Amino acid sequence: MSFATLAEIGMPPILMDIGRYSSVPEWPTAGEVYPALAIQVNFVKDGLILCFAFHHAVADGGAFTEFVKEFGSGTTDPGNMSPVAPRIGYIAAPADQILPLTSFPEYDSRRAPTRAASTGEATTTTAIFQFSAETVRQLEGAVAAQLKKTIGPDAWASNIACLSSLVWVAVVRARQARLAASDTAKIGIAVNARSVLRLPDDYFGNCIVHTNATASVEELLSADTSANIEGSPSIISIAAVAHAAWKMRQAVKGVNSKYVNDRLTTFSALEDPGEVSRAYEAATDNANTGIDFSSWRDQGADVEFGIPGTCTSKVDVWRKGWSPNEGAYNILPRKGGSKGEACWEVSLGLSKEDMERVVVCEELGSWTTRWVGESLGWFVKGSQPCMEE
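Residue numbers (the working numbering): 80 to 468.
Treat the hints loosely; a few may be bogus.
Derived lysine-lysine pairs resembling DSS-like cross-links, with alpha carbons at most 25 Å apart [to be verified]:
1. Lys414 to Lys431
2. Lys418 to Lys399
3. Lys418 to Lys332
4. Lys228 to Lys332
Note that these hints are calculated values from the structure, not bench results.
Bear in mind that the values here come from a model prediction, so they are computed numbers and not experimental data.
I would like the entire structure built from these sequences, with the hints used as guidance.
Structure (structure tokens):
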């Protein structure tokens with residue numbers, strides 16, 4: 080399949096097979112040694128696919144962004160590459176005591192309702208949803224107006240929080256048949272802690288901590304449509320989206336130096352560091368009450384690669400390797416960052432049943448410009464399954 084054809088049909092995530100485009104295994108077996116960072120260049124007809132692989136134990140999204148910038152600098156001007164960065168000695172201020180991991184809500188699954196486990200990878204899927212810049216601006220404006228009315232004149236939420244809250248509410252609505260109104264819905268949020276720890280922005284390493292924004296299912300199923308955008312066929316309540324966006328903003332604001340240092344102290348005392356990610360996954364419960372969010376918006380969409388033989392200096396399409404992980408949600412790299420007219424794209428993994436409910440016009444479907452899932456081609460707004468005949 081040619082690059083032009085792949086681009087035309089939306090670079091469907093199901094075709095972005097990690098095993099095909101990266102020779103580095105996702106999960107090395109015990110005793111095997113593989114690079115923590117790797118690039119594989121894959122030539123297709125009339126184009127190429129660059130696959131960047133990195134292990135989260137040594138690099139987070141911020142580090143990956145710096146890596147991509149350096150890679151781009153090396154292709155455009157090899158003599159202008161940055162020198163090897165010095166190792167930074169950092170000692171976190173010790174907490175008063177070492178707290179158990181379960182004392183932090185984002186790692187505590189003891190209060191989560193017991194439900195059936197996910198039925199496995201074969202029943203999960205991933206789709207890419209595309210939103211116009213104008214739609215996101217309208218959403219941000221509607222949320223801001225609602226927050227000023229319910230919270231106060233200075234209340235606001237970022238466009239990332241507004242878009243993510245729209246997705247969060249849509250997912251809860253898709254799952255409502257198996258949730259109780261009193262259940263706690265969660266969105267796990269990856270937060271860059273560099274500024275909190277006073278590390279430089281280009282610090283290379285894993286400097287992510289997690290927080291959770293929570294709301295009752297009942298709050299996110301609000302039937303109040305008084306703040307909805309006029310003419311929109313969606314029945315998703317802007318009041319619910321604004322409530323969710325405010326919850327997200329407050330959760331991120333709560334990540335201060337004590338928050339980070341308490342967790343680092345606990346992490347450093349664990350015999351098995353893998354316990355952290357396992358506890359987070361169990362507490363977020365991505366198959367039922369939660370989704371796991373990370374923004375990749377600023378991860379390299381504006382990098383000038385200038386690879387000889389290519390028609391454009393910047394990447395045409397960014398895609399996450401095929402990973403049908405239920406509840407996984409990412410904002411994909413966007414040209415212009417938070418500004419400009421480029422479309423926003425998000426990657427969302429759900430059970431196939433939940434995905435079918437999310438994409439209908441009355442839910443998330445009418446907000447999108449188009450979306451692509453396992454079918455080899457875009458579903459355009461105004462075509463099935465976004466609108467009934």
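For each hint, the structure was consulted:
1. Lys414 to Lys431: Violated - the C-alpha atoms of lysine 431 and lysine 414 are around 30 Å apart, more than 25 Å.
2. Lys418 to Lys399: holds (22 Å)
3. Lys418 to Lys332: This hinted pair holds, its Cα atoms lying about 22 Å apart.
4. Lys228 to Lys332: holds (21 Å)
This entry does not satisfy hint 1, going by the numbered hints stated previously; all others are met.
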